Amino acid sequence: MTQHETTQHEVTQHETTQHAFFFDESRCIDCRACSFACRDWHDIKPGPVKFLRRFTWEEGAFPEVTMHTLFAPCYHCEKPACLKVCPNGAIWKEGRFGTVLVDEEKCQGCRNCWDACPYGAPQFASDVANGDSSVAKMSKCTMCSDRLKQGHMPTCVNACPSRALDFGPIEEMKSRYGDLQALRGMPDPAITKPAITFKPLAPKRQVVPYDAERARQLFGQRGDKLTPLYTDNAAVTDIEPGTVGKDRLDLKSPDSERALAATRSDEW
Amino acid sequence: MTNSTAKVMHTEGEEIKYTICQQNGCFTGCLLACHVKDGELLAIDVGDSINADMPREDVGETAVREGMVQHRPCARGRMWRKTLYHPNRALHPMKNIGQKGEPVWEQISWEEALDTIAQKIVETRDTYGPYSISGGMFFLDFAAWAGFGHSTWGCASTAGHTLADTVVVGVDLPMPFGHSPTPPRGTEPPDLLNAKLIIAVGWNPAVSYTADNLVLALAKERGIPIIIVDSRYTSSVQAYADQWIPIRPGTDIALLLAIAYVLFKEDLIDHAFVDQFVEPEGLSGWRSYVLGETDGVKKSPEWAESICAIPAETIRGLARLYGQHHGYSDGNACFFKLHFAPARIVGGENVGRAGIYLQALTGNIGIPGGHYGGGECTVPFYMPVPMVDWQRTPPSHPDPMSMPLYDARGWVDAVLFRDKLDSGEMNEEEYRHRIGSASNWPLPNIRMAFNQVGTDIGTHDNQRMWEALKKLDFVVKAVYHTDRPETAYADIVLPLADPFFEASGDAMGGGGFFYPGFMSVSAYGNYFILSQKVIEPPGEAKPLAWINAQIARRLGILDEYNPRLADVLDDTKAWDERHIELQREAYEQWRMHYAGWAQASGVEPVEAPSFEEFWDCPIFRAPLKREPTYGFKEQIQEGVPFNTNSGRIEFHSTFLTDPDMADKEYVFPLTGAPSGICFGGSKPAVIPPQAEYTEAWDSPLGEMASEYPLRLITPHSFFRQNTAQDNNLWIEDEARHALWISVADAKERGIRDGDLIRIVNPQGEGIMPAYVTSRIGAGTTCMVYGAWYRAGRGQKRTEAMPDGIDLWGSANNFTSSRMYPWVKGNLHCASLVQVEKISGGER
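Heads up: the protein sequence lines correspond to chains L and W, in order. Reminder that position 186 of the first sequence reads as 186 in the working numbering, one-by-one numbering, no gaps. Reminder that position 600 of the second sequence reads as 600 in the working numbering, one-by-one numbering, no gaps.
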């Protein structure tokens with residue numbers, strides 16, 4: 001059973017226990033087993049719709065560079081900004097697991113939800129918006145409601161080869177993993193109270209001494225026979241915006257083309 | 001929720017079937033739970049046979065040590081549906097009524113295809129002899145019964161690490177199954193937890209041989225220092241390394257020599273180990289070389305830093321830390337691993353050997369938490385797995401796998417230079433030298449090729465291979481997808497069923513059903529999986545085993561070659577049922593012997609389920625209630641001599657001092673078993689008997705780099721296994737195939753991320769987007785390997801690329817097929833290129 005077959009009335013008998021994801025950035029290798037598991041389980045067609053988005057971006061100049069990764073499904077907020085702004089009552093919070101769901105029958109594709117969501121979770125199959133007859137309706141991560149109802153975990157968390165993900169009642173996640181609810185570059189969690197907790201990337205350390213400035217010089221030189229690639233380390237450290245493609249977390253791209261670009265791995 | 005036992009359901013009325021994802025080159029067998037309804041595969045789930053619904057699998061270290069954890073498939077295992085259900089699946093046999101390279105296809109019947117192939121085999125064999133038909137590893141499975149065939153294996157056997165393993169510690173790495181005199185003794189992942197320090201060079205387990213990942217994460221969280229030396233800031237660096245030390249690609253030898261220099265200079269040697277296990281004369285000679293006493297060049301950190309671009313202070317610090325870990329003498333084991341890539345270059349034999357030397361000098365071989373320093377060996381057999389008794393009659397012709405004609409895919413040169421041999425322009429000795437053929441081997445005369453997918457684009461210098469295919473009289477290709485580039489060079493194309501999803505146990509040769517975990521390097525050897533047929537193949541696609549049997553029938557050898565399937569060839573249902581019968585028979589045979597086998601390998605047996613119970617979720621797994629394995633335990637702890645002339649670790653190989661290497665084949669001294677390595681590159685020998693620094697012809701610091709200044713490395717992908725799944729319908733939404741280029745090199749050329757760029761070198765030319773990043777240093781570029789050659793119609797043709805320049809980024813358009821000077825073959829996974837921005841226009 002998918003969200004499309006679930007009615008708002010059938011799930012009110014249970015007491016709500018807000019369920020939440022846990023993402024351990026320190027273990028994540030951005031292999032995307034989670035993304036493909038999600039695509040596969042939900043039969044997501046090729047195209048811009050991603051119930052689960054993966055972000056990878058870099059910070060710093062060679063060799064003092066750091067990669068970041070982010071697991072970005074819908075965070076099924078306790079105070080969902082999307083729900084409040086939907087003029088058609090299409091978005092609702094399910095009563096047992098605290099899942100935020102959308103009724104595609106009611107959705108008119110106005111994209112107020114997209115504007116409101118600080119995380120970019122609402123997804124649209126095309127950029128055709130309001131007013132058009134071929135308007136793209138919103139779809140998004142369902143927390144694998146169908147699996148939850150059968151007593152099983154969401155497919156993404158079960159998929160992780162690095163065991164970087166977990167899922168369960170939010171209080172349990174917080175007590176087990178701490179209550180960090182935003183990684184670097186993410187919105188203030190106080191705004192919507194996302195049902196996610198994080199463990200950040202483990203910082204690198206110098207087990208043995210390493211002089212990055214010296215290393216940059218050495219990479220520029222090419223021995224006696226060849227001219228140097230550069231003589232001023234600024235060639236490496238002065239990075240104009242736009243030179244490096246993914247240099248920041250871009251949770252909300254304005255169109256599907258850029259959203260896809262921001263969520264592609266470069267390890268293919 | 002965590003204790004649910006019921007299987008998760010995707011759709012009402014479905015059933016769950018199981019198969020394995022175990023592609024060639026990965027071998028880390030992962031269980032796939034396939035949700036099927038009305039013959040359609042709806043979803044693939046992680047195999048939930050153990051620790052179901054426990055995302056973190058925090059089941060304690062005992063479970064990790066015993067291998068009682070899930071083998072979760074990576075992205076490659078989860079994306080199969082969009083590769084299987086692909087609009088370009090090959091559906092019917094086709095014949096090419098146009099030209100090879102510019103085909104015009106006409107659909108034909110299986111009858112016509114198989115009759116034609118059988119007839120061509122007979123004609124070719126009878127006209128040109130038994131060594132005239134080249135085939136894929138598993139395709140000519142029946143050849144020996146039809147009086148022809150030869151080995152087409154050999155590429156990896158000429159990589160630098162293989163030479164290193166063979167001459168230094170007496171193991172032939174790529175031939176662990178039967179050919180090598182030493183039993184395989186790879187590292188089982190939990191042994192990493194016994195290390196006190198982990199140093200990895202060119203190792204990216206996040207992508208390749210993934211069973212180590214969970215253990216590496218635990219090792220790091222436990223505080224074991226992990227240092228990764230790599231040209232790229234890889235995902236392994238990101239997740240597992242405390243420290244990344246970037247290196248100029250292709251210069252690892254300088255780093256290793258300089259570490260040795262510090263170890264010698266500051267006497268950080270594990271003398272107890274070295275005195276007992278290292279052959280002293282060779283060690284003494286190499287020590288002199290490193291200290292500069294023989295050639296006047298001290299291989300000091302100051303010498304090395306200008307080559308490898310790692311500051312001298314760092315090399316010294318690394319050597320000192322490393323030299324404080326003498327696993328043999330003080331129990332502070334260092335797991336030091338120089339993985340395959342750094343030795344798959346020109347000069348790789350030096351790199352591979354030096355890695356092993358360092359682990360010997362520090363006493364870290366053959367002890368828990370240590371490593372022998374090389375790429376890896378496969379892990380040992382925990383126990384035999386079920387094997388079907390095919391009841392074949394022994395063939396008259398030798399087993400093709402044991403009959404080499406040339407090494408390292410020399411068939412391209414064998415075809416391209418054959419005219420010169422026939423016209424007398426080249427004599428036999430020159431021809432044999434060119435193709436890497438020993439004088440006592442049969443002389444090939446290749447006229448026909450018979451391959452399944454992947455055999456071709458995994459090979460260096462694609463364009464020369466296309467030329468060779470065009471020259472052949474007859475080419476058969478069996479493929480899954482018609483957009484595979486090699487399809488265009490066939491006379492007949494056969495549609496293949498996927499071996500893991502669409503066939504009854506067909507993969508890896510058509511004979512294997514039960515896939516063990518131990519086939520991989522760095523894997524757990526405590527389980528095997530039976531692959532069930534999940535769905536019917538599309539169109540008229542057929543399993544490889546069926547194709548082989550059909551041809552065998554036409555050649556009149558079916559009863560000898562495959563008697564147990566002979567009567568079910570024309571009935572798909574009966575064929576599938578027969579397979580299950582044979583699987584049951586094999587399993588029950590195995591079950592009778594299992595407990596005894598387990599006890600013999602030192603493991604307490606568990607109760608083996610009945611076949612019916614096993615069939616319900618066909619994975620058998622038993623806890624490894626013993627210490628994890630690691631290489632060379634017998635030699636270090638039990639007094640077994642190394643399989644070298646001296647019985648010790650040899651820094652100096654007397655085998656390699658022979659000035660005439662022509663026609664020399666390495667034979668393991670203690671057993672007399674031949675190795676897979678066939679030398680014979682040259683007279684006099686130019687391979688030094690010990691690891692030394694030499695500047696390769698394609699060095700990033702040599703002459704060639706003045707025109708082609710960027711070193712190209714071609715690592716494996718997260719999303720392809722070798723070349724499989726390049727056309728997956730989901731993949732372009734999740735990943736971009738772009739050339740990695742450093743910030744400095746990009747700025748120099750006015751390139752910004754996403755710009756289209758032209759890549760060119762003597763072998764090839766291509767166009768693809770740029771990925772500009774600080775994750776690599778200047779002078780380094782990276783084209784992830786496995787993309788298919790795709791030339792657009794009407795694209796520019798050049799002398800190097802007569803079939804059109806590459807528009808997708810197929811790495812082997814840029815690697816060279818030039819053989820190493822010392823060995824018959826090559827395995828270059830790197831090259832030099834130049835890159836420029838393309839202004840405007842599209843691919």
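Calculated from the structure, these hints are not laboratory results. Just to be clear, a hint being listed does not mean it is correct.
Computed footprint of chain W on chain L, listed as stretches where at least three residues anywhere in the stretch have a Cβ under 8 Å from a Cβ of chain W [said to hold, decoys possible]: (1) 27 to 40; (2) 151 to 163; (3) 182 to 188; (4) 201 to 207; (5) 253 to 259.
If you're wondering where the values come from, they're calculated on a predicted model, not measured in any experiment. Using N, Cα and C, we set each Cβ at its ideal position, and we do this for glycine too.
Proximity test - 8 Å, beta-carbon atoms, the segment 201 to 207 of chain L to chain W, at least three hits | holds (count 6)
Within 8 Å of chain W's CB atoms, at least three CB atoms from the segment 253 to 259 of chain L: coverage verdict = violated (count 0)
For the segment 151 to 163 of chain L, does the count of residues with a C-beta closer than 8 Å to a C-beta of chain W reach 3?
-> It holds: at least three residues are needed, and the segment 151 to 163 of chain L offers 11 whose Cβ sits within less than 8 Å of chain W.
Take the segment 27 to 40 of chain L, compare each residue's beta carbon with every beta carbon of chain W, and decide whether three or more fall closer than 8 Å.
-> Check passed, 12 qualifying residues.
Within 8 Å of chain W (C-beta), three or more residues of the segment 182 to 188 of chain L | violated (count 0)
Checked against the numbered hints given earlier, this structure breaks hints 3, 5; the rest are met.
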